[in-house]
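Here is how the chains run, residue by residue.
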Amino acid sequence: MNSKSLAGMISAISVQMTENRDYLIELDQVNGDGDLGISMDDGYRAAAGFLAEAGEKDLGKLIMACGKVFNASAPSSLGTITTFGFMGMAKALKGKEEASFEEAALAMLAGVENIMAKAECKVGEKTFVDALYPGVQALVEYAGDPAAAVTKAAAAAAAGSEATRQMRAVHGRAAYSAERSIGILDGGSVVGALIFKGIAEYCKGRK
Amino acid sequence: MKKIINSADSFVQDTMEGIICAYGDKVKLLNDDFRVLLSDYPAKAGKVGIVTAGGSGHLPVFLGYVGSGMLDGCAVGDVFASPASDKMVDMIRACDRGSGVLCLYGNYNGDKFNFRMACEEVEFDDIETETVLVRDDVASSPKENADKRRGVAGMVYAFKIAGAAADKMLNLQEVAAVTAKALDNIRSMGVALSPCIVPKAGKPTFSIAEDEIEVGMGIHGEAGIEVRKMMTADEIAETLVTTILKDLPLVSGDEVSVMVNGLGATPMEEQLIVYRKVYQILADRGVKIVMPHIGEYATSMEMAGLSVTIFKLDGELKELLQAPAQTPFYTNANK
Numbered sequence: 001m002n003s004k005s006l007a008g009m010i011s012a013i014s015v016q017m018t019e020n021r022d023y024l025i026e027l028d029q030v031n032g033d034g035d036l037g038i039s040m041d042d043g044y045r046a047a048a049g050f051l052a053e054a055g056e057k058d059l060g061k062l063i064m065a066c067g068k069v070f071n072a073s074a075p076s077s078l079g080t081i082t083t084f085g086f087m088g089m090a091k092a093l094k095g096k097e098e099a100s101f102e103e104a105a106l107a108m109l110a111g112v113e114n115i116m117a118k119a120e121c122k123v124g125e126k127t128f129v130d131a132l133y134p135g136v137q138a139l140v141e142y143a144g145d146p147a148a149a150v151t152k153a154a155a156a157a158a159a160g161s162e163a164t165r166q167m168r169a170v171h172g173r174a175a176y177s178a179e180r181s182i183g184i185l186d187g188g189s190v191v192g193a194l195i196f197k198g199i200a201e202y203c204k205g206r207k
Numbered sequence: 001m002k003k004i005i006n007s008a009d010s011f012v013q014d015t016m017e018g019i020i021c022a023y024g025d026k027v028k029l030l031n032d033d034f035r036v037l038l039s040d041y042p043a044k045a046g047k048v049g050i051v052t053a054g055g056s057g058h059l060p061v062f063l064g065y066v067g068s069g070m071l072d073g074c075a076v077g078d079v080f081a082s083p084a085s086d087k088m089v090d091m092i093r094a095c096d097r098g099s100g101v102l103c104l105y106g107n108y109n110g111d112k113f114n115f116r117m118a119c120e121e122v123e124f125d126d127i128e129t130e131t132v133l134v135r136d137d138v139a140s141s142p143k144e145n146a147d148k149r150r151g152v153a154g155m156v157y158a159f160k161i162a163g164a165a166a167d168k169m170l171n172l173q174e175v176a177a178v179t180a181k182a183l184d185n186i187r188s189m190g191v192a193l194s195p196c197i198v199p200k201a202g203k204p205t206f207s208i209a210e211d212e213i214e215v216g217m218g219i220h221g222e223a224g225i226e227v228r229k230m231m232t233a234d235e236i237a238e239t240l241v242t243t244i245l246k247d248l249p250l251v252s253g254d255e256v257s258v259m260v261n262g263l264g265a266t267p268m269e270e271q272l273i274v275y276r277k278v279y280q281i282l283a284d285r286g287v288k289i290v291m292p293h294i295g296e297y298a299t300s301m302e303m304a305g306l307s308v309t310i311f312k313l314d315g316e317l318k319e320l321l322q323a324p325a326q327t328p329f330y331t332n333a334n335k
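First to last, the sequence lines map onto chains A and B.
All letters in the first sequence, in the order written, are residues 1 to 207 by our numbering.
All letters in the second sequence, in the order written, are residues 1 to 335 by our numbering.
This is chain A alone, in the form it adopts within the complex:
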């Protein structure tokens, strides 16, 4: 991964968010405030726009700046949480202009771990992390075969998101109606699944 492929990947994720904007709004309206689709679409669009123009080659500095752009354009709680992810990745890639698939996967794992630490959440609490964590685990596990890794990661993230239906919410506004949240798909986890879908689409397109 370098600054160019990073820009391509974020742009592919942005396409997913735009296509699913209304769906995400609908999901969030069930037990959130309905801004999920708007903030994710705006955030990734701004991040993709920033990366397309940015001259920075150091992946760490680039991703750190990208996280700030994202946060400014997506001022919701998931926007802030996503920025913790970018920041964790940025630290892991500081000083590198080029990262191997495995290095990029491990950086993404560092990003997800940073989210879990800073937002004080773990797998099984009906959040974004329920899709992200299995997705990034698959990326790391199959890093020897990038094409297989991105496909498996997308599938693992989608399955992780689907599993949130059976979970009880412990965070955010959804937790106010924790019992009622059972049976409902978590919108944040759908965002997580779309991130890996975007990454897989990007990698498929490059082959």
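Misleading hints may appear alongside valid ones.
Said to hold, decoys possible - DSSO-like cross-link-like pairs, simulated, lysine-lysine; straight-line CA separation at most 27 angstroms:
1. Lys312/B <-> Lys335/B
2. Lys335/B <-> Lys44/B
3. Lys122/A <-> Lys68/A
4. Lys143/B <-> Lys122/A
5. Lys61/A <-> Lys96/A
6. Lys47/B <-> Lys26/B
7. Lys112/B <-> Lys122/A
8. Lys112/B <-> Lys68/A
9. Lys112/B <-> Lys91/A
10. Lys94/A <-> Lys288/B
11. Lys318/B <-> Lys288/B
12. Lys203/B <-> Lys181/B
13. Lys122/A <-> Lys91/A
14. Lys277/B <-> Lys335/B
15. Lys143/B <-> Lys26/B
16. Lys112/B <-> Lys61/A
17. Lys122/A <-> Lys94/A
18. Lys122/A <-> Lys148/B
19. Lys277/B <-> Lys229/B
20. Lys181/B <-> Lys28/B
These aren't lab readings, by the way, just hints derived from the structure by calculation.
The model shown is predicted, which means the values in this text are computed figures rather than measured ones.
Here the structure of chain A is known, so what remains is to put chain B in place on it, guided by the hints.
Positioned in the frame of chain A, the structure of chain B alone reads:
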């Protein structure tokens, strides 16, 4: 709503301009940004920076403690709202003298998220930070969940200890450790008689009957432990001290500092009547009071009520408490 303001929207900026008009020779804005206040007192080269941040509406908390021997900087939010993380980033950078920065603030989600993000960002540029959270309000969560407690007036003591430790040229980890030790020995609890009005909201934060008192209320009007019929000053002092001592046991011979803090609309006379009883209860137990603090230290605009804070001292903490400190809003020279 009856308030002496120009408009709800200009409330914070107008306040900050007032501070600069009055005390511009002691404190300054960072690059003319009214969201970041920095100390302009002389400070030792290479000392650890001490910073905080929080919403407006609590003066002298938070920015009133920016000065000599306390805070180096404070980021300022809207009334009862955290400032944005990029303001904290600017502040931390401005307060780093190469030895790192202690971020010392109340346990509120908005402040926590934004500060964590700011620390991530400056650490990326190799500025070292440590975080210590203030969680002194015993009424906000039971002892088993003490990590969920809110930060209230006890943070003033924490600012004092951290500032004095930094002035002694302790390193960042040492400053953080002694500040955390101080907070382990600081407990507060308050009562409220009337609500306050957030300018932009324009209506009271809660309602309470004329003959009632809310026991254990937070400084943003968060619900307390119970609503009771109005009590006498002595009964209030007993209720607060008894609850605090369950959490922070004291024995004969212990030394403490005590703060009786007015929430904004309670007269000094009433604060002193409560202090009198707190003094008697502690004296009966053989506990000695060092440097009592009576006055308005952490307010909630025009809320009526007060809080009591007890800070149990050891030799090190007593020395740090007594070290000189001066800000536009605070001095310990008269205590």
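Quick rundown of the hints versus the structure:
Under the criterion of a C-alpha separation no larger than 27 angstroms, the hint pairing Lys312/B with Lys335/B is consistent with the structure, at around 17 angstroms. For the given pair, Lys335/B sits about 25 angstroms from Lys44/B by alpha-carbon distance, which is consistent with the 27 angstroms threshold. Between Lys122/A and Lys68/A the alpha-carbon distance is near 24 angstroms, which keeps this suggested pair within the 27 angstroms criterion. Among the hinted pairs, Lys143/B with Lys122/A is consistent with the structure: their alpha-carbon atoms are about 24 angstroms apart, no more than 27 angstroms.
As the CA atoms of Lys61/A and Lys96/A are separated by approximately 9 angstroms, the hinted pair is consistent with the 27 angstroms bound. For the hint pairing Lys47/B with Lys26/B, the CA-to-CA distance comes to about 19 angstroms; that is within 27 angstroms, so the pair holds. In summary, the hint linking Lys112/B to Lys122/A is supported, as the alpha carbons are separated by about 18 angstroms, within the 27 angstroms threshold. At most 27 angstroms may separate the alpha-carbon atoms for a hinted pair to count; Lys112/B and Lys68/A meet this at roughly 17 angstroms.
Under the criterion of a C-alpha separation no larger than 27 angstroms, the hint pairing Lys112/B with Lys91/A is consistent with the structure, at around 20 angstroms. Taken as a hint, the Lys94/A and Lys288/B pair is broken in the structure, with Cα atoms around 54 angstroms apart against an allowance of 27 angstroms. Our distance criterion of 27 angstroms between C-alpha atoms is met by Lys318/B and Lys288/B, whose separation comes to about 12 angstroms. Among the hinted pairs, Lys203/B with Lys181/B is inconsistent with the structure: their alpha-carbon atoms are about 40 angstroms apart, more than 27 angstroms.
With a C-alpha separation of about 21 angstroms, the suggested pairing of Lys122/A with Lys91/A holds against the 27 angstroms cut-off. Under the criterion of a C-alpha separation no larger than 27 angstroms, the hint pairing Lys277/B with Lys335/B is consistent with the structure, at around 19 angstroms. In summary, the hint linking Lys143/B to Lys26/B is not supported, as the alpha carbons are separated by about 40 angstroms, beyond the 27 angstroms threshold. Of the pairs offered as hints, the one joining Lys112/B and Lys61/A holds, with about 24 angstroms between alpha carbons and a cut-off of 27 angstroms not exceeded.
A distance of roughly 26 angstroms separates the Cα atoms of Lys122/A and Lys94/A; the hinted pair therefore holds under the 27 angstroms criterion. Restraint check: the Cα-Cα separation between Lys122/A and Lys148/B comes to about 18 angstroms, which is no more than 27 angstroms; the hinted pair holds. Distance hint between Lys277/B and Lys229/B is fulfilled; the C-alpha atoms sit about 20 angstroms from each other, no more than 27 angstroms. Note on Lys181/B and Lys28/B: the hinted pairing is violated, with a Cα-Cα distance of about 31 angstroms set against a maximum of 27 angstroms.
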